[in-house]
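Chains E and S, in that order, are what the protein sequence lines are. Take 1 as the starting number for the first sequence in the numbering used here and just add one per residue. Take 1 as the starting number for the second sequence in the numbering used here and just add one per residue.
Keep in mind the hints are simulated off the structure, nothing from the lab. One or more hints might be untrue.
[What the hints assert, rightly or not] Far from chain S by the CB rule (all over 10 Å, computed), these chain E residues:
| hint | residue |
| --- | --- |
| 1 | D17 |
| 2 | L83 |
| 3 | S132 |
| 4 | G144 |
[Claimed, not checked] Going by beta-carbon spacing under 8 Å, a handful of chain E positions derived as facing chain S:
| hint | residue |
| --- | --- |
| 5 | A68 |
| 6 | P88 |
| 7 | A90 |
| 8 | L97 |
For glycine and all other residues, C-beta sits at the position ideal for the given N, C-alpha and C.
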Amino acid sequence: MTDAALVIEDLSAGYGDGVVLRDLSLSIPKGQITAIIGANASGKSTLLRAMSRLLAPRTGRVLLDGHAVHSMAPRRVARRIGLLPQTPVAPEGITVLDLVSRGRHPHQGAFGRWRREDEEAVADALSITATSDLADRFVEDLSGGQRQRVWVAMALAQRTDILLLDEPTTFLDINHQVEVLDLLADLKDARGTTIVMVLHDLNLAARYGDLLIAMVTGRIARRGPPRDVLDEEMLEQVFRLRARVMADPVTGKPMMIPLGRHSQGHAIP
Amino acid sequence: MIASPELRAVRAEARRRRRLVLALLSTMVLGVIGLSLCVGHSFVPPGAVIAALTGAADGGEAFTIRVLRAPRAVLACLAGMCFGMGGAAFQTLLRNPLASPDIIGISAGASAAAVWCIVVLGLSGMAVSVAAVTAGLGVAALIYVLAWRGGTAGTRLILVGIGISAMLQSFIAYVLTQAPSWSLLEALRWMTGSLNAAQIDQAMPLAVALAVFGGVLFALRRDLETMRMGDDTAAGLGVAIDRVRAIVICAATALVAFATAAAGPVAFVAFLSGPIAARLAYRGGSILVPAALTGAALVLLADFAGQVLLPTRYPVGIVTGMLGAPYLVLLIVRDNRRGTSL
Chain E
1 MTDAALVIED
11 LSAGYGDGVV
21 LRDLSLSIPK
31 GQITAIIGAN
41 ASGKSTLLRA
51 MSRLLAPRTG
61 RVLLDGHAVH
71 SMAPRRVARR
81 IGLLPQTPVA
91 PEGITVLDLV
101 SRGRHPHQGA
111 FGRWRREDEE
121 AVADALSITA
131 TSDLADRFVE
141 DLSGGQRQRV
151 WVAMALAQRT
161 DILLLDEPTT
171 FLDINHQVEV
181 LDLLADLKDA
191 RGTTIVMVLH
201 DLNLAARYGD
211 LLIAMVTGRI
221 ARRGPPRDVL
231 DEEMLEQVFR
241 LRARVMADPV
251 TGKPMMIPLG
261 RHSQGHAIP
Chain S
1 MIASPELRAV
11 RAEARRRRRL
21 VLALLSTMVL
31 GVIGLSLCVG
41 HSFVPPGAVI
51 AALTGAADGG
61 EAFTIRVLRA
71 PRAVLACLAG
81 MCFGMGGAAF
91 QTLLRNPLAS
101 PDIIGISAGA
111 SAAAVWCIVV
121 LGLSGMAVSV
131 AAVTAGLGVA
141 ALIYVLAWRG
151 GTAGTRLILV
161 GIGISAMLQS
171 FIAYVLTQAP
181 SWSLLEALRW
191 MTGSLNAAQI
201 DQAMPLAVAL
211 AVFGGVLFAL
221 RRDLETMRMG
231 DDTAAGLGVA
241 IDRVRAIVIC
251 AATALVAFAT
261 AAAGPVAFVA
271 FLSGPIAARL
281 AYRGGSILVP
291 AALTGAALVL
301 LADFAGQVLL
311 PTRYPVGIVT
321 GMLGAPYLVL
331 LIVRDNRRGT
341 SL
């Protein structure tokens, strides 16, 4: 068993009167990629928000090195845990360089002096995400794929050892999806960054995740390495989807193919 | 890793632009102050103005400068800065140029309280300012309760604010008609804002308010900028969003209320300064200071125009109103087509 980067104990959380997460316990392994999957409204994003201190728990707690994140100062948490929300807003008229530089916010003192290490972290984040050439461009002028890389760069500039991403590949073409996920896998390998992400694409989740967590109505239905989680029974239980699961011919990891009503090939005469 | 020369060049360019805009706006403010000291009913040459201000000269001309023109210019400058900075803080926080305190009723609340204190209770000075600030905060709290949805100002908040503003305007009109000595000038002051009969002792509370609350906003400008990227992103970057939001609302309301207590709700200055500053300055950084300078320039220029350039003398609020109203219409038309941010 590897060390845990984050430990979640008996967590319940929700919005208003609704409870989204119920008595959830989980530990996130250090230096690995954890992919959270589940149907819409199963509590995936809520779990991510609770982990990153954005949502206060009703009961239970989230521990970072033995301290409850919700009682830590926001800045201190932000130096350890980076978060890329599902729909970040790029302020109008901001350059790529300045947006990525904002990742340094939690590291800056009251007077916001820009230090050498800040500049290095930003230059580094731009180069890893191949966005250095875009530095002086306005974020609103970029393509969807470029923009997502810039957001990832901002999260990288934060230089945290834990990175939480809510659907980092949404709205991206498949080539850009793979690009972003490769980038995250590189980060894990090169720096030992712990990555937790919500992913919609189950095959990509199985390919890139070391650990899969399948959620149903605020609870964890299954967890484990992809080959123990992505199977036909789980798909039926979690997604109410009939599907076939087989080993992907390239990596040997599980891969699923949905069986719709038209999958026999002769539904349409 | 390397901190490449290219990155440094991009940063230097942004910094250069920023300084240029600040220098330009400051020059403009100082220029209009100079102009309004020299030019009025009569022309006083710059040398004589300086002599009057330093106390080296006496007589009618010096009286005009020291007692009439200088207090007016100082008050215009300070009120403009308070309106500009307070307005831009609201617009930035709520990510909507329409969410300015003079549109959503916060200025009207401050104004109503000031009118009531002066006309009905016969108060003056600090008591009026305190009442104005309290009422402004009250309106902000009311709008918060009625229309807040997760930090962004949708149409709902704007409409609720406009409704509250309209009710407060009619309250002001009612109180003014009840006044024992009803005067058109007094009425105009509390309905559109005016610098007539400005006195130098009005400037002190305003200067203190600007130093304290403007200082608070300035200290929070990076957090406020970070919140433009959405609450979740800002929280992820370590901004204590609830605390910052509460402090910004209180400080910005206080700025606008103090200015309103001194000069009346000078129409649309809070609303216009931010967007104008945003067009001039680079938007990658905070616009609070450029907006404060823009506000000062707007009030000074509008008052100068109202006093000297136009055929009849108009109070400053009428002139800023003529500038602001078309922009308001434009924004509402544009807002119907797409979501806007400052």
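Consistency of the hints with the structure:
1. D17: Holds: least Cβ distance 16 Å, greater than 10 Å.
2. L83: violated, 3 Å
3. S132: Given a closest Cβ separation of 7 Å, the condition is violated.
4. G144: Nearest chain S Cβ is 17 Å from E/G144, so the label holds.
5. A68: violated, 16 Å
6. P88: Hint on E/P88: holds, closest Cβ of chain S at ~5 Å, below 8 Å.
7. A90: holds, 7 Å
8. L97: OK, holds: E/L97 within 8 Å of chain S, min 5 Å.
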